[in-house]
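Novice: So you can see what is in the structure, the chains are spelled out below.
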Amino acid sequence: MYSFEPNEEQKMLVDAIGKYAQNDLRLAAHDAEESCMLPKKLISKGWEIGLLQASIPEAYSGFGDRSAVTGVLAVEELAFGDLAGMLALMTPSLFATPILLAGSEEQKKEFLPKVIEGDWAPYTAALIEYAYDFDANDLLTTAIVEGGDYIISGEKAFVPYAKDAEAILVYANFEGSTQGFIVPKDAAGLSVSDDREKLMSLNALPLYRVKLDCVKVPVSNRLGGEGGHDFDFILASLRIASAAAAVGVAKASFEYSMNYAKDRDVFGVKVAQKQAIAFMLAEMATEIEAIRLLTWEAAWKLDTGKEGAIKDAFLAVTGAADMVMMVTDRGVQILGGHGYIREHPVEMWMRNGRGFAMLTGLAIV
Amino acid sequence: MSIEFETPKPIAQIQFVLKTVAENMMRSQSRAFDENEHEIPFSYIEFMHTAMRSMGGGSLAPKEEKQKEGGELKEKRPPIAYQSLAAQIEMLSWGDVGFYLVTPGGGLGAAAVQSAGSAEQRAKFLARFAEEKPTFAAMCMTEAGAGSDTSAIRTRAVLDEATKEWVINGEKIFVTGGDKSFKEYEQFGKGFVVVWASIDPTAGRSGMRAFVVEAGTKGVSVTKLEHKLGIRASDTASIVLVDARVPYDNILGSPTVEKTTTGFKGAMATFDATRPLVAASGIGVARAAVEYVKEQLAEKGVEIRYGLPRQKMTSIERDVIEMEIQLRSAWLMVLKAVWMADNKKPNALESSMSKVKSGDVVTKITQKAVEIMGPLGYSREFLLEKWFRDAKITDIYEGTGQINRLVVARQILGYSGKELR
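Protein chains in written order, with numbering that gives the first Met the number 0: chain L, 0 to 364; chain F, 0 to 420.
Simulated from the structure, these hints should not be mistaken for lab results.
Keep in mind that the hints are not guaranteed to be accurate.
[Stated by the list, open to error] Derived DSS-like pairs (lysine-lysine); straight-line CA-CA distance at most 30 Å:
no.: 1; chain 1: L; residue 1: Lys10; chain 2: L; residue 2: Lys40
no.: 2; chain 1: L; residue 1: Lys310; chain 2: F; residue 2: Lys299
no.: 3; chain 1: F; residue 1: Lys311; chain 2: L; residue 2: Lys210
no.: 4; chain 1: F; residue 1: Lys417; chain 2: L; residue 2: Lys197
no.: 5; chain 1: F; residue 1: Lys163; chain 2: F; residue 2: Lys182
no.: 6; chain 1: F; residue 1: Lys363; chain 2: F; residue 2: Lys18
no.: 7; chain 1: F; residue 1: Lys343; chain 2: L; residue 2: Lys269
no.: 8; chain 1: L; residue 1: Lys210; chain 2: L; residue 2: Lys184
no.: 9; chain 1: L; residue 1: Lys310; chain 2: F; residue 2: Lys8
no.: 10; chain 1: F; residue 1: Lys299; chain 2: L; residue 2: Lys273
no.: 11; chain 1: F; residue 1: Lys8; chain 2: L; residue 2: Lys10
no.: 12; chain 1: F; residue 1: Lys163; chain 2: L; residue 2: Lys10
no.: 13; chain 1: L; residue 1: Lys273; chain 2: F; residue 2: Lys8
The structure presented is a predicted model; accordingly, all values stated were derived computationally and were not measured.
All chains should be built: construct the whole structure from the sequences, respecting the hints.
Specialist: Written out as structure tokens, the structure reads:
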């Protein structure tokens, strides 16, 4: 059947996450962006809600099962609070979730408890590369077999928390398809840039360039073991996370600009009483809802193994990138001159908004 | 509850059946009835009527749930009547939206009786659609000087105290199916039109009421059939009422005017129910266009590669992928709106949003489709140019895209009609 209402468990989780997103992430967002620093306490508090922990079965020290639908609901809420904060909080998922989805039994047993048992710890993944036409299915970083090991070479961009990472899941081109490799922090040939990446937004999130110069990893470190894994499903899970985050950021900008328009006087009425503004808001609300539903359906298809899930996840993130740019641009426009001033968050959301066209790989559900 | 997108089996089954109907009864005749405006597709109408009767009704509209007395309570199935209706309308419109609009069974006229009428009125006026002959009903709202602004309606209904009859005067335009509903055809049963009129012009919207006017009523005549851009198989009539006398009990809603807007709200409630259905219809047309383009491209060996970054896509890939994103998301908005209706959740916002979205996307999709197909898209040898013309009505009837934006804006802002004009 069709149904559009989260179940009780999801509602409770979303409620808890929503409170954290609004009361903690949102309030810290401005200072974090300006000071390029996210307080450790803030992330730890979010970690205690147990979003990742609840998606990992008991056999690996978690307390639940992974659901992409639950994931996209949570990501939307978190990104509504703050995109950088959400990405920071969920960085360990970048490492753990692909292992859960595609790892060998040994990999799951070895790594999943490590990631989730203690406090938030910097386990991460490296997918994005520094190329204008970056394509997750056609990576420039390569892996080859040599003497029973894999040798990985290349350069990765925008890798969150790479500097302190315990281990990095590095994606590389192996015989024409994308495969993940678990690279420990002390691997020879692995180097992380001293300086953080400086982007148009996400100042609060520590991102690094990572070089791999003939990094050697044993066969057992290939995601899924010697036989490898299906990357499509992981990419789809990255894509719907990105789409859900776009919905969250768009909703943030929409609500903020709507409240501003209802409060601000112009020619004796409120700004929102002008059709020029009211219609913009109506369209923003409509487009947000459209992409939210597209994302939900793709997530549901991933959870239920339905045909077309991979394509739908691609459609969702493609539509989301356009939607969030349109909505966040209008968020600034509705505030006019005030929208351009960094005191209001809409300019940051507009900078966030542009990122969704190229930032798939920074969050996974 | 949960979040699910599994097509319910009964819906999948009826879609399967209607696809056959669409292919064999509609597509095959689409061009002919587009070229010969105002001809009536009797074969389709009779086929649909027979089919719907054999399934226990005379219309696509959801049946009223019958409560069995004293019977064992069966395990309750989730209600899907509106979801099913939306899916049927989408599929029939995929076949031919002009034909879909002449599907017998009461259309908007019956919908108005359904939502604003009493139990007795529903029993009295709606039974006819299940009878032997296909029967039509229509809604008369628009006037020359009152389109989206329905409060400007000038048609008047005055109670004749002596005979206890309503006397209606006015002129209605753009009545979808008005001819088949009001004129008496040998092939059709006796229909009716629902006329919106004021019983108290000083009361504005609160004085607005709907009246059931039976086919053949004296003083009422169909004066014109419009020539249109598209949906040409569907008649769009002008109906003039001169001292038309209607029985007292044919008024839908209260005959007295309180200073409330319940009368008008009756009409608006009808729209909450029907807007996602109109959206569904447009989506059927757009899906036909997208599928046609993809088939034609595939035949020419053009493959759409999903999953590439935009930088690596061809222009056609970008266009087709964009069409698919918009088509699917618009359809999901329709599904959500009708799912809410089935589950008795207030859906004024979702209903209007689905209409805004589909009005937008079906026009853009069909326009882009014609562009992509070039001369093949523009030629009347194929149906694509017809779908381009047919799709445009989606953004116009049942509230233009702009009116629906106004409704959406008022909903999200919490503004009244006075606060956001």
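Novice: Could you run down the list of hints and mark each one as holding or not?
Specialist: Taking the hints in turn, this is what the structure says about them:
{"no.": "1", "hint": "Lys10(L) - Lys40(L)", "verdict": "holds, 25 Å"}
{"no.": "2", "hint": "Lys310(L) - Lys299(F)", "verdict": "holds, 22 Å"}
{"no.": "3", "hint": "Lys311(F) - Lys210(L)", "verdict": "holds, 25 Å"}
{"no.": "4", "hint": "Lys417(F) - Lys197(L)", "verdict": "violated, 49 Å"}
{"no.": "5", "hint": "Lys163(F) - Lys182(F)", "verdict": "holds, 25 Å"}
{"no.": "6", "hint": "Lys363(F) - Lys18(F)", "verdict": "holds, 24 Å"}
{"no.": "7", "hint": "Lys343(F) - Lys269(L)", "verdict": "violated, 34 Å"}
{"no.": "8", "hint": "Lys210(L) - Lys184(L)", "verdict": "holds, 12 Å"}
{"no.": "9", "hint": "Lys310(L) - Lys8(F)", "verdict": "holds, 24 Å"}
{"no.": "10", "hint": "Lys299(F) - Lys273(L)", "verdict": "violated, 49 Å"}
{"no.": "11", "hint": "Lys8(F) - Lys10(L)", "verdict": "holds, 28 Å"}
{"no.": "12", "hint": "Lys163(F) - Lys10(L)", "verdict": "violated, 56 Å"}
{"no.": "13", "hint": "Lys273(L) - Lys8(F)", "verdict": "violated, 46 Å"}
Violated hints, in rising order: 4, 7, 10, 12 and 13; the structure is consistent with all others.
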